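Visitor: Sequence:
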Amino acid sequence: METGDFLKQNPLFNAFSDKQLLFLALNSKVLNIQKDSYLRVLDEKPSDFLVLLEGEWLMERKIRGVREPYVYISEKPGSWHGGIDMVDMIAPATVKVLRDSQILRIPKDVMHDMIRREFPITLYILEELRDGVIEFLDMIRRNK
Numbered sequence: 037m038e039t040g041d042f043l044k045q046n047p048l049f050n051a052f053s054d055k056q057l058l059f060l061a062l063n064s065k066v067l068n069i070q071k072d073s074y075l076r077v078l079d080e081k082p083s084d085f086l087v088l089l090e091g092e093w094l095m096e097r098k099i100r101g102v103r104e105p106y107v108y109i110s111e112k113p114g115s116w117h118g119g120i121d122m123v124d125m126i127a128p129a130t131v132k133v134l135r136d137s138q139i140l141r142i143p144k145d146v147m148h149d150m151i152r153r154e155f156p157i158t159l160y161i162l163e164e165l166r167d168g169v170i171e172f173l174d175m176i177r178r179n180k
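If you count by this note's numbering, then the sequence shown holds residues 37 to 180, one letter each, in order.
Errors might be hidden in some of the hints.
Each computed BS3-like pair below joins lysine-lysine, with the alpha-carbon atoms no more than 25 Å apart [what the hints assert, rightly or not]:
hint, residue 1, residue 2
1, LYS144, LYS132
2, LYS98, LYS144
3, LYS65, LYS132
4, LYS81, LYS98
5, LYS144, LYS65
6, LYS65, LYS55
7, LYS132, LYS71
8, LYS112, LYS132
9, LYS55, LYS81
10, LYS98, LYS112
11, LYS55, LYS98
12, LYS65, LYS81
13, LYS98, LYS65
14, LYS144, LYS81
15, LYS71, LYS55
16, LYS55, LYS44
17, LYS98, LYS44
18, LYS44, LYS81
19, LYS44, LYS144
20, LYS65, LYS44
21, LYS144, LYS55
22, LYS55, LYS132
23, LYS112, LYS144
By construction, these hints were calculated from the structure, which means they are not laboratory data. Values in this document were obtained by computation on a predicted structure and should not be read as measured data.
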């Protein structure tokens, strides 16, 4: 299977045109990550946008001013991490792979370029961000 076809199966990219998929494939990298590897450690400023293609990862965010960490486990293709500096300032994260996984690493400038060029990715990201912020707020209210 070609990279573009593989990426098209991911919910984050399934609305991309062939030309957009080619751009993404040429400007990102598929990583094969072994179980128990860390993609990011606490307080490390993310430089890339990470997308789960296959596998499972755990994200733990330490929300400043809240006792309990926010823990999110996903095996859902299209789950993503990174690229939103304010969220990372408020709630720094650790991201760990729980089983052998394939991750797509998209450089931040490439992600910004895709958004500026109106690739059909913005709504998906905003919906996921909205859901995450609602979960954060609920957790903060419960643990303050």
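Visitor: For every hint, state whether the structure bears it out.
Guide: Going down the list of hints, with the structure as the test:
1. A hinted pair counts as satisfied when its Cα atoms are at most 25 Å apart, and LYS144 with LYS132 qualifies at roughly 20 Å.
2. Straight-line distance between C-alpha atoms of LYS98 and LYS144 comes to about 23 Å, which keeps the hinted pair within the 25 Å bound.
3. A C-alpha spacing of about 18 Å is found between LYS65 and LYS132, which places the hinted pair at or below 25 Å, so the restraint holds.
4. Taking the CA atoms of LYS81 and LYS98, the gap is about 14 Å. The hint holds against a cut of 25 Å.
5. For the hint pairing LYS144 with LYS65, the CA-to-CA distance comes to about 13 Å; that is within 25 Å, so the pair holds.
6. Taking the CA atoms of LYS65 and LYS55, the gap is about 17 Å. The hint holds against a cut of 25 Å.
7. A threshold of 25 Å between alpha carbons decides the hint, and for LYS132 with LYS71 the separation of about 8 Å falls inside it, so the pair holds.
8. The suggested pairing of LYS112 with LYS132 holds, with an alpha-carbon distance near 15 Å, which does not exceed 25 Å.
9. In summary, the hint linking LYS55 to LYS81 is not supported, as the alpha carbons are separated by about 31 Å, beyond the 25 Å threshold.
10. Restraint check for LYS98 and LYS112: the C-alpha separation of about 22 Å stays at or below 25 Å, so the hint holds.
11. Our distance criterion of 25 Å between C-alpha atoms is broken by LYS55 and LYS98, whose separation comes to about 39 Å.
12. Between LYS65 and LYS81, the direct Cα distance comes to roughly 19 Å. Compliance with the 25 Å bound is thereby established for this hinted pair.
13. Of the pairs offered as hints, the one joining LYS98 and LYS65 is violated, with about 28 Å between alpha carbons and a cut-off of 25 Å exceeded.
14. For the given pair, LYS144 sits about 12 Å from LYS81 by alpha-carbon distance, which is consistent with the 25 Å threshold.
15. Restraint check for LYS71 and LYS55: not satisfied, since their Cα atoms lie roughly 33 Å apart, outside the 25 Å limit.
16. Taking the CA atoms of LYS55 and LYS44, the gap is near 12 Å; set against the 25 Å cutoff, the hint holds.
17. At roughly 33 Å between alpha-carbon atoms, LYS98 and LYS44 are farther apart than 25 Å, so this suggested pair is violated.
18. Using a Cα cut-off of 25 Å, the hinted pair LYS44 and LYS81 is violated, with the two alpha carbons roughly 29 Å apart.
19. Of the pairs offered as hints, the one joining LYS44 and LYS144 holds, with about 20 Å between alpha carbons and a cut-off of 25 Å not exceeded.
20. Of the supplied pair hints, the one linking LYS65 and LYS44 holds, its CA atoms being roughly 15 Å apart against a limit of 25 Å.
21. Between LYS144 and LYS55 the CA atoms are separated by roughly 20 Å; this keeps the pair inside 25 Å, and the hint holds.
22. Distance check on the hinted pair: LYS55 and LYS132 sit about 32 Å apart at the alpha-carbon level, beyond 25 Å; violated.
23. Using a Cα cut-off of 25 Å, the hinted pair LYS112 and LYS144 holds, with the two alpha carbons roughly 22 Å apart.
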